[in-house]
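Chemist: Residue numbers (the working numbering), protein chains in the order written: chain A, -1 to 151; chain B, 212 to 626; chain C, 112 to 269.
Read the hints as simulated data drawn from the structure, not as lab findings. By construction, the Cβ of each residue, glycine as well, lies at the ideal position given by its N, Cα and C atoms. Warning: the hint list may mix true and false statements.
[Stated by the list, open to error] What follows is a list of derived Cβ distance ranges for each label pair: (1) C:Leu263 to A:Thr16: 31 to 39 Å; (2) B:Arg318 to C:Trp121: 26 to 34 Å; (3) A:Cys29 to C:Asn193: 41 to 49 Å; (4) B:Asn296 to A:Gly27: 36 to 44 Å; (5) B:Asp235 to A:Glu139: 50 to 58 Å.
[Said to hold, decoys possible] Straight-line distance between alpha carbons at most 20 Å, and here's what the computed SDA-like set of lysine to any residue pairs gives: (6) B:Lys330 to B:Val442; (7) A:Lys10 to C:Lys154; (8) C:Lys154 to B:Phe625.
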Amino acid sequence: MTQRVLVIDYHKCVGCETCQMVCSLVHEGICSPDLSRIRVARFETDARFVPISCAFCEKAPCISVCPTAAIFRTNEGAVLIDDEKCIGCRQCVQACPFGHMNFNPARGIAYKCDLCDGDPQCVKFCWTNAIQFLPMEMAAEDKRYAAAGKIME
Amino acid sequence: MRIVIIGNGAAGNQAAETIRKHDDQIELIMLSHETFPEYSACALPDCMAGWIPRSNLFLKNERDYDKQRIQTILGRQVSSINIDNKELSMEDESIAYDKLILATGSRPIIPSLKGSALKGNFVLKSVADLDKILEHRGSRVVVVGSGNIGVEVAEALEIQGCQVVLIELMERLMPKIFSHKAAAILRDTLEKHQIKVLTGEKVLEVIGSQRVEGIITDRRELPCDTVIWAVGVKQNVELAVQAGIDTGQMGGIKVNRHMQTNCEDIYACGDCIESFDIISGKPALSLLWPSAKRQAEVAALNCLGRESAYEGSLNVGIEEFYDTNFVAIGLTADALKEYEVQLIEKEDSRGYYCLAVVDDRVIGLELVGDCDRLGAIMSLIKNGTAISEVKRIISNPELLVNIPWYVDAGEILFS
Amino acid sequence: MNKRLLINTWLCDGCGLCELVCAFSHTGLWHPALSRIKVLEDKKNGLFFPTTCAHCVNPPCANACLMNVIVKDPETGLTIRNESSCIGCRACEISCPFNVCLFDYVNEVVVNCDLCKGDPLCVKVCPTGAIEFVSVEETPERKRVAAASDRLLESAQR
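In isolation and in its complexed conformation, chain A is listed as follows (with noise of 0.2 Å):
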């Protein structure tokens, strides 16, 4: 089973912002943007929105930092923090080259996507098809498509 990754595909968002509302929903119980894992940075005067969420990296620069080992590599491919071991440093949400780690001020702690146990919210119902989960073989696959369609023009 190979591992999944998240994909998302900017120009398709539309900056509805529903992700972050399930994200949200699922994780904190409310919907509330602020607590989201994934978030759409939003350029309303270009129309372009482009949701960030982890990239779960080989060589992850998060797990790098973090102080006290608190983030970790789940076998799956998934990046994880042990909440008990994380001391609210910071660190790691100034090493996310994407700028996803988040930090919630009133529990003390970083908070980042979890893949929702390996089926992710965010992918269901995003309804342009944004955000999908796929094999990382597959990443690729739409792009060199799109691509491949454009030189056959």
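Starting from the structure of chain A, add chains B and C where the hints point.
Modeler: Leaving out everything else, chains B and C in the frame of chain A:
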């Protein structure tokens, strides 16, 4: 719900603090056989040396306990615990509990040798001990044992103008945490300051008629008017044993990773428990203030129904003797015997250090001198971070930019 | 709404002004060794990394302190100390994963960045903007927008 804590030291107070942080309604009762409010036993030698006033020893006053809504019963001994009725007995009073946290600590040992009960024999564990020693006004002191307490006391009394002899049974000073090189530097430092150091020597008898007048070792006789015993502690587990609570092979109360004893509603933390080493995973007695606090935090969280697991104790010793720092972290000295260790050793104007490396990981450090770059190393030891990983990051500025403290670690590991 | 120092490491050119003013404002001495902000150096690549107290929510230094001197301020969330009770044992210093506790050798106590009572001096004097004073909630958002902008820019250029 009522939670009762037996013990008013680091562990007892941290347990209370953690409970209050999460629940300000729960009834909290704290018991101690001492009458003092919480004090730092670690700072007793500093007070003895005259570096801090006696009042600074106390970390809390009565008002602090009131503010935290902790009902204290001080100066009373708990005589027994009835785990079936969930009741503590004290002389003529009984206290019921829903959850009980044992933080009974440890007490220092005076070996039963001839003369060891004479006036002039002391230990240093409590404020009462300190008061007695200062009142005694000794001038020729023999300190027996060169653990942290022994050496600290030797320095403190020498600074106060006493003639001090430090006697250690093993062939080097602070043998539990330092190997020969660091121990030798320590010896030099102490001897330069007129402390007479005798190693590989055993005290056989304390002589005197009404009071201490000297000691006899297996090599010589020494006149003195004070003997301070710093040869180790015994854990206060009698109450637990009597109640049917299991103890471990090392003599401390046996707990699982949730600090729970074999009795469901009874937890234990601090000096009185058998802990386990964070690196080796083996049972260990971690008689350290930070260990006590962390264990207490875990015990308190579990008491409140919040899942929390203890990660194990890390040996950390930091001392300053005559303006020189002596540090030991992790597995050092004899604890390394069973490992195939590679050493990273260096001695220069900044001092001396020696890191023990097993499997690309630092498992222990001994250092004398400048100690301002060690925090990053302690993390590496605690987390089992590979040295090759540190090297990878240091060699790549784009990675190093997020983890700049590896620069410090790199200076120690790779220079 | 609590603010913390945000260090844009790549902007630091190692001028050391932050160290000087920090030391001076706290101790009256222009001595970088007394600064709570420390600029580390990667000599090989000519890079400079300012580091200072992160004000961790659950700080290792507080656990290590043998006198329980280090606590979290309930209002600001900062890691603060009762310096008069510090015995200078340096247990906190060796427990800080970032090496940002400072041993003040003049007063023989250990100290950490106190954010200058809410108006940090290093932020004011930094000539390159390498140090900013930003709300904790804002930081992830800024990084996200920056990363997303880069991505948009890349694809626009293609």
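Chemist: Hint by hint, note whether the structure agrees.
Modeler: Hints and how they fare:
1. C:Leu263 to A:Thr16: 31 to 39 Å: Once the Cβ atoms are compared, 21 Å apart, the range 31 to 39 Å for threonine 16 of chain A and leucine 263 of chain C is violated.
2. B:Arg318 to C:Trp121: 26 to 34 Å: violated (56 Å)
3. A:Cys29 to C:Asn193: 41 to 49 Å: holds (43 Å)
4. B:Asn296 to A:Gly27: 36 to 44 Å: At 40 Å between Cβs, range holds.
5. B:Asp235 to A:Glu139: 50 to 58 Å: holds (56 Å)
6. B:Lys330 to B:Val442: holds (18 Å)
7. A:Lys10 to C:Lys154: Violated: lysine 10 of chain A and lysine 154 of chain C sit about 46 Å apart, past 20 Å.
8. C:Lys154 to B:Phe625: holds (14 Å)
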